[in-house]
Amino acid sequence: MPLFRDEEYLRVDFEDKEEKDEALWVKCKSCEKLIFKKKLQENNHVCPNCGGYFFLTAKERIKTLVDEGSFTDKTKRIESDDPLNFVDTQAYEERVEENQTETGMFDAIIVGRGEIKVNPLVLAVMDFRFIGGSMGSVVGEQIVNGIERAVEEELPFVLVSSSGGARMQEGLLSLMQMVKTASARDLLSREKLPFISVMTYPTTAGVQASIASLGDVIIAERGALIGFAGRRVIEQTIGEDLPPDFQSSKFALDHGIVDSVVERDSMRDELAGILDFF
Amino acid sequence: MSEEKTLQELREQIEQLEALNSRNGLDLSREIDNLTEKLAEREKDTKEKLEEWDKVNLARHPDRPGSEEYLDYLMEDFYPLHGDRLIGDDGALIGGLAKYNGETVMVIAQNKGGEVEQSQQSNFGMLRSEGYRKAQRLMKLAETFQFPVLTLIDTPGAYPGKEAEERNIGGMIAKSISEMVSLEVPTVAAVIGEGGSGGAVAIGAADRVVMLENSIYSVISPEGCAAILWEDRDKADEAARALKLTAGHAQDLGIIDEIIPEGGSGAHEDFETTADNLDHSLSNHLEELENYEEDQLLAKRRKKYRSIGSFKKVMKKEQS
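Protein chains in written order, with this note's numbering: chain A, 1 to 278; chain B, 1001 to 1320.
Keep in mind the hints are simulated off the structure, nothing from the lab. Computed from a prediction, not measured in an experiment: that's the story for all the values here. A virtual CB, placed ideally from N, CA and C, is assigned to each residue, including glycine. It is possible that some hints are incorrect.
[Unchecked claim] Non-contacting residues of chain A with respect to chain B, defined by C-beta distances greater than 12 Å in every case (computed):
| id | residue |
| --- | --- |
| 1 | Pro48 |
| 2 | Tyr92 |
| 3 | Gly132 |
| 4 | Arg268 |
[To be verified] Keeping only pairs whose Cα atoms sit at most 20 Å apart, straight-line, the calculated SDA-like set for lysine to any residue is:
| id | chain 1 | residue 1 | chain 2 | residue 2 |
| --- | --- | --- | --- | --- |
| 5 | A | Lys74 | B | Lys1162 |
| 6 | B | Lys1312 | A | Thr75 |
| 7 | B | Lys1313 | A | Asp82 |
| 8 | B | Lys1312 | A | Glu97 |
| 9 | A | Lys76 | A | Ile62 |
| 10 | B | Lys1313 | A | Glu97 |
| 11 | B | Lys1162 | A | Glu235 |
| 12 | B | Lys1313 | A | Ile62 |
| 13 | A | Lys76 | B | Val1314 |
| 14 | B | Lys1312 | A | Leu84 |
[What the hints assert, rightly or not] Some, not all, of what chain B presents toward chain A, calculated at C-beta under 10 Å:
| id | residue |
| --- | --- |
| 15 | Tyr1159 |
| 16 | Glu1165 |
| 17 | Gly1170 |
| 18 | Ala1236 |
| 19 | Leu1253 |
With the rest of the complex left out, here is chain B (with noise of 0.2 Å):
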């Protein structure tokens, strides 16, 4: 809102100026061309931080299509697997054997859940220790047959708890980490809504990524981020555009593979749209994985992840 006021009161001193400009024949025509550019670039500003203010909230839409209306649209058939086989179920994280182009693949899908009971049940797609056992017990069971992988990452972050801490959260999400980056079978992973910092990408180190057009990935929440290096929750709409979460700057940043364009103004409008597009872009990416053998995958996978990362050689000064 603020921003809006200095955009108004940057026009009307525009507006000011160009009155005073005609009337008492003074030249304030550079005066004005300074302003009119320096209200250009704040609009400019403004948009782009809607814009990827936006991509938040369609991320985060409560009728966006979750993991599992997208299961049971493209997998034929789909036969869910319970449980960490230490402490419980975790709601959070769905997973099982599925039937995909007719081959059996191994399908690991962070869920939040619809109505309210459901998104409790799920909830809301924040992952305890639990789910990320699961997700291990998965990946391992899928390499063992040769099953590919497919993740569908939506989650806010993993679950801030007190037993999810005293049940090593953290490690899990390591050894989840660990473990999909060295699988020696295909992996897809896509971000379907929210992809929220190390609890999503404990099931995003795969062979390929790809992101659905309004879905977003970040380091940490626009909320979380702005807390911290603002100190200001409010200020999460600047923290977003500074982070760079949309699929867009993912793709430009050589972290994902592919943005698959949503149907209608988002995929809650249209999901068979969305839904047909995901399913085109997965089988591709699978089907051209399933040309590489087993140790081929494993090297070009490492290197990929070998090579991410952005810096310069330090020109002149000493590490002292």
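If we strip away everything but chain A, and leave its shape as in the complex, we get (with noise of 0.2 Å):
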């Protein structure tokens, strides 16, 4: 039972939940200074030392955007059939059931209804721990409810993404949910309700070259990833190394592909301001 873990940002260790909780101590990757866990928590996963960002799950996400006691999760009970059979060196299958027991979550996303400020919405949050937040057939189907029932209830829609693109295991079937949720994405400019997309680490691949990339308004968390392609595999093609800031929030922002910039801190009063507009 270890006493101080090693909890990166970048990465998510899928170690035994029990253990996880009894770790009271994390070691911040940024300054690799240690941490109180609790202090933490109270702090938005935000390092009180360097501002260094730690991963936020879709409920601690959710917590730190909407009013207290607003929210109310729709999430369809759904979770995947595995419809391509599919095994690598684990059984996709098996894969999902390790997440959920691991997140207690059906799939990579929370959808729900709550208030920003006082401002009613549809709000969808990814969770990078189930499978690297990949979009395949649950996910897709979730987002697409999410904004269904946005324009049921006329409501605005915010999807939070933390995603790594589509999900492999699906193959085709997850491709196809670009398309899916490209295309009920028209739904709510046709009602002219407003999708404001929330980018955070990371958003890249099939899901940054989708539903991400086509909010009213897209704001990137500070120390988000942003891009299509790996920067390794971008590496390889183009025989050079990347910059480090490559495909990150400020890059994002400095070649007009996001609006704005965001502290995690001020995020929901960002939001707040924002649907005020619409």
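Given two chains presented individually in distinct reference frames, assemble the corresponding complex, making use of the accompanying hints.
Below, the structure is given as structure tokens:
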């Protein structure tokens, strides 16, 4: 039972849940200082020493955004049925089950209705812990459900992405979720309902190349990774090293890919402010 | 190769057991049956794997006809349009106005190029941001004048380059999908070689999607998938099988509407038969789609993509 745990923002360890809860201290990846876990939680999972960001689970993210007690979970009770019968180093079916046990989620997203500073909205939040937040049939369906709920109740739609892209284990069905979500997204425009897309670490590949990039307003959280192809693949292709800030939030802002870069602490205020214009 | 070795070992084991069985009067028939069964399963697995991998190789065959050949053969007249009106012209995406069966259509096609020089010009079919923006421009143009849109898909994937990222290639793919799925004209997409992930689906959100028999369509390249999930690029053949990236699987999954047979042992051997079959299919689909009113067409398309996905109800568990 370790007293210290090296909990990185960039990597998710699928360790025993109980054991994880026992760790009182975590190490910040940016400044390498040990931080009292409770203090970190109270500080929105931002390192009190250097301001480095730790991962937020979908649930934690929702807590940092909505008015207390205003969120109702509307996630549809569906799970993957392993349509390809996919096996790599582990059977996909098993992988899903393990991830469900580990996270307590059906899949990599929570969708619900809530309020941000009394602005009602439909909020969908991805969770990177669940197979890299990847978008397969379930995530695609939940996003579309969220959009349809927003249309039905005439509410704005906010999606917080944290995803490596399409889920490989569902093959073409995952690829088609890019079309499915992009198509549903138009429903909002037709009803003149705003869609605000929040990109966090990471918003890449199939998710960045579909629903996440289709926001009326696109916000990047500081410390996000935003891009289509992976850094290593690009470096291998062009035969040169990329600068450290490549595909960072600031990079995205500088290249006109997002509207603003926002600190985690001010995300709630920022969203409330934007929603107020519509 | 190691697979072949395993099979050989199994065969040898069976032979040895059979020899022992007759010599010592022992009853080893159960063991022999078990091993024989195991061998048959392994052989079937290996064959399937090879079949998938063969298709990958056929889809990427250097002599496989590309978009230019099909357009030359199928279109009565073709006036290419160039440029995205912002940065430049992407040689990996050819497109323009064409006459097909006497009617004007908009053609948008991914172009790998043939000879080395052409391939370099067309960046081996890997589109940059400019290519996707050009595709969007042509789609909108087609919509304005009510021309049906025909797309030919043949790309290993979007170009993983520095400038491509600086010019928001992901966002451009998203926009292409979004434009295409909302077009108020009939759209038909044909995968003629490689349908490489997001870079392919960007011009694939059509009313009808067809695939040539030996083409592939996949969420990720088998090599990329093997590198991530197996942490070994050499497991690409295994990944190819797991990804179910052949036309047959795509049809089983309900993603495509038709598999178009190729001539000979593939389009590289018998282009004319393949092109004639493609012609027949495209003509049929366009003709059928002409019967719908715009709003009907769009509603049907939206419904089709709304329903793509495979999942089941959660029985007991609570999301905690």
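For each hint, the structure was consulted:
1. Every Cβ of chain B is farther than 12 Å from the Cβ of Pro48 of chain A; the closest lies at roughly 28 Å, confirming the non-interface assignment.
2. Tyr92 of chain A, annotated as away from the interface, has a beta carbon of chain B within 12 Å; the closest lies near 9 Å.
3. For Gly132 of chain A, the shortest C-beta to C-beta distance to chain B comes to about 9 Å, within the 12 Å cut-off, and the non-interface label is violated.
4. Against chain B, the non-interface label of Arg268 of chain A holds: every CB pair exceeds 12 Å, the least being about 23 Å.
5. A threshold of 20 Å between alpha carbons decides the hint, and for Lys74 of chain A with Lys1162 of chain B the separation of about 40 Å lies outside it, so the pair is violated.
6. Between Lys1312 of chain B and Thr75 of chain A the alpha-carbon distance is near 14 Å, which keeps this suggested pair within the 20 Å criterion.
7. The hinted pair formed by Lys1313 of chain B and Asp82 of chain A meets the criterion: a straight-line CA distance of about 13 Å does not exceed 20 Å.
8. For the proposed pair Lys1312 of chain B and Glu97 of chain A, the alpha carbon gap of about 13 Å is at most 20 Å, so the pair holds.
9. With a C-alpha separation of about 17 Å, the suggested pairing of Lys76 of chain A with Ile62 of chain A holds against the 20 Å cut-off.
10. Taken as a hint, the Lys1313 of chain B and Glu97 of chain A pair is honoured in the structure, with Cα atoms around 14 Å apart against an allowance of 20 Å.
11. About 8 Å separates the Cα atoms of Lys1162 of chain B and Glu235 of chain A, which keeps this hinted pair within 20 Å; it holds.
12. Of the pairs offered as hints, the one joining Lys1313 of chain B and Ile62 of chain A is violated, with about 24 Å between alpha carbons and a cut-off of 20 Å exceeded.
13. Proximity of Lys76 of chain A to Val1314 of chain B is assessed by CA-CA distance (about 9 Å); at most 20 Å being required, the pair is judged to hold.
14. Pair hint Lys1312 of chain B plus Leu84 of chain A holds up; C-alpha atoms about 14 Å apart against a cutoff of 20 Å.
15. Interface hint status for Tyr1159 of chain B: upheld, as the beta-carbon distance to the closest one in chain A is roughly 8 Å, under 10 Å.
16. With its C-beta approaching chain A no nearer than about 5 Å, Glu1165 of chain B sits inside the 10 Å limit, and its interface hint holds.
17. Satisfaction of the interface hint for Gly1170 of chain B is found here, the shortest Cβ-Cβ separation to chain A being roughly 3 Å, below the 10 Å cut-off.
18. Nearest Cβ of chain A to the Cβ of Ala1236 of chain B: about 12 Å, over the 10 Å cut. The hint is violated.
19. At about 6 Å, the closest approach between the beta carbon of Leu1253 of chain B and any beta carbon in chain A falls short of 10 Å, and the interface hint on this residue holds.
The structure is inconsistent with the numbered hints 2, 3, 5, 12, 18, although it conforms to all the rest.
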